[in-house]
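Respectively, the protein sequence lines represent chains A and L. So in this note's numbering, the last spot in the first sequence is 311, and the numbers never skip. So in this note's numbering, the last spot in the second sequence is 1277, and the numbers never skip.
Because the hints were derived from the structure by calculation, they are not lab data. Be aware that one or more of the hints could be misleading.
Derived contacts from chain L toward chain A, CB cut-off under 10 Å, selection only [stated by the list, open to error]: (1) Ala1094; (2) Leu1189; (3) Pro1190; (4) Trp1208; (5) Ala1231; (6) Ala1247; (7) Gly1260.
Every residue, glycine too, gets a C-beta built ideally from N, C-alpha and C.
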Amino acid sequence: MALSAPLPVVRARRASQKRAAARTTWQAYALIAPAGILYTLFQLVPIVGAFVLSFTSWNGINLGRITFTGFDNYVRLVQDEQFWQSALHNVVFAALVFVFMTFGSFLIAAIIHAGIRGGAFFRIVFFAPVVISSVAVAMLAIFFFSPSQGLINEILRTIGLGGLAQPWLGSNEWALPSVAATYILQNFGFSMILFLSALSQVNDEMCEAAEVDGASQGRILWGIVLPSIRPIASVVVLLGFINSFRLFDTVYVMTGGGPFHASDTIVTYLYRTAFGGNQVGYASAIGVALFVILGVIAVVQLRLTRERGES
Amino acid sequence: MKFARFSLPARIISYIWLGGLAVCVLFPIAWLTLSVFKDSNAIVGDPFAFPTHFSLDNIVEAWQQGDFGRLYLNSALITIISVTGILIIEGAAAYAFARMKFTGMAILFAIFVAGQLVPSQVIVLPSALQVSALGLSDTLLALILQYLSWAPFAILFLRAAFLAVPRELEEAARIDGAGVFTILTRIVLPMTRSAFATVGTIYALWIWNDFLFPLVYLQSSENFTIPLGLAQFQGSFTTYWGYLVGAIFVSVWPPLLVYGLLNRQLQDRLSFAGSKG
């Protein structure tokens, strides 16, 4: 018997499957709708807004006085020394974060994981500042870095190193490093627990075998442990870079970008341009530039890890 | 690796380094905690001296001047409403992405994921303009709506958690006649509870400590959150250090106490999230 046409039963089942599929589609849309609407309204619209505004000149107050100026803002941005200076500060900051926070917390995690006495205590203490608001930490730091009554200078004088006393936050050379030290001390605990959780998944047998073969602890760290936690290591490195370029709270509270822009970052410059200078169009162009910089960092980082992973 | 097998200099350096760092972290907290009991002159004049008499004036004054009762209420309201909303709204979307097939799924998901790459600092300015255009400037509602739209991380993370629930379990329940609601409440949610707890913890920290959006959205002090209210102290009481110390003290200790109670769970959750993110 040739079954050229589906039996009625089969046809009915297919129709009901189709109906079921249509129903799941509507259910899915209904489930996604609240998230989608909020996300569109308060994330996507502002993103598009930032792009559109970056081609305008506007004081942000009077809608009638908004004028399209083409690429003027971007031409200005390329020539704006203050922007490049701010961006350079972000690069310096990112370098400090990479060495002292990312790499430092890797070593700290390795030491704790290896079983230093008091490891649990160090873990709890190092992570504690992460839960505190960065504003509170920055304000506390001001007490320490303050020039005349600050605790750091006081300590230096007490131990006879008064010559090293600095106006820290008021000095061109030391403002940015002081902010960086505060930021790193607050946040290295987060990188540390990411590394610790990665280390707990490392195959101990390989390390033991290498130890039996007489490999030094340093060789094991470089040759076995680091390669096997590379995925998380690359996430922590990327987070360090991205957060260095998004830096705002700590700088804003501690120095406001000063003295004379010596600790300005892209975001503090953006904030001042927008809300202090009422140059909404230009500030939007700075925001778009930041977006591009972060995108490039993410792509480069992804490429690098992928290439290494393949080789 | 075994710490006992480190060379002697390496062990000594390790202890000095970690011990020194612990001092760097603990000393400011200890200094804050002792100084809060001293008057302004003693804080500045003799910063390392132990307080001679324990006065609660700084704490009480800072609490009243800064209206910290109001600040805590605002921060708590915003955080609780936003985090609860995020878990429900983003959880629902994540479930659809994990379990249902529908037209446009790949594109919609890609759009959500792409948002992860856009830093909030880029959207803060246009979003402030938008909020005032909507007539929502200087309201807690504007902040809550902004936080509810922080979807990418929650959706990515919760979707992964839903995908880890074996499909067979749900299908078996369906064959036994269980409805969507029963399957969700009896099978799916209990199995993804820890992922929800992780997302809730991370967002609570982000929202509680957020400074940028309150700074650009809010103008009147009765709407301020803790970081914003605290930052106001810096400008207004620069000369009166006792108030400043008091304000930092009352903003720092409650979260630290919560951390002290929950530190193990908190660390496990966050590191788990970091390894997935």
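Satisfaction of the Ala1231(L) interface hint, Cβ to chain A closer than 10 Å:
Hint on Ala1231(L): holds, closest Cβ of chain A at ~5 Å, below 10 Å.
*Please verify that hint: Trp1208(L), Cβ, nearest Cβ of chain A, below 10 Å or not.*
At 7 Å from the nearest chain A Cβ, Trp1208(L) passes the 10 Å test, so the hint holds.
- Query: Hint check: is the beta carbon of Leu1189(L) less than 10 Å from a beta carbon of chain A?
  - Reply: 14 Å, violated
- Message: Under 10 Å is the threshold here; is the Cβ of Ala1094(L) close enough to any Cβ of chain A for the hint to stand?
- Response: Check passed: Cβ of Ala1094(L) comes within 8 Å of chain A, closer than 10 Å.
Should the interface hint for Gly1260(L) be scored as holding, given a Cβ-Cβ cut-off of 10 Å against chain A? Hint holds; Gly1260(L) Cβ to chain A Cβ min 8 Å, cut 10 Å.
Interface restraint verdict for Ala1247(L) against chain A (beta-carbon cut-off 10 Å): 8 Å, holds
| Does the CB of Pro1190(L) sit less than 10 Å away from some CB of chain A? | Hint on Pro1190(L): violated, closest Cβ of chain A at ~19 Å, above 10 Å.
Hints 2 and 3 from the list above are not met by this structure, while the remaining hints are.
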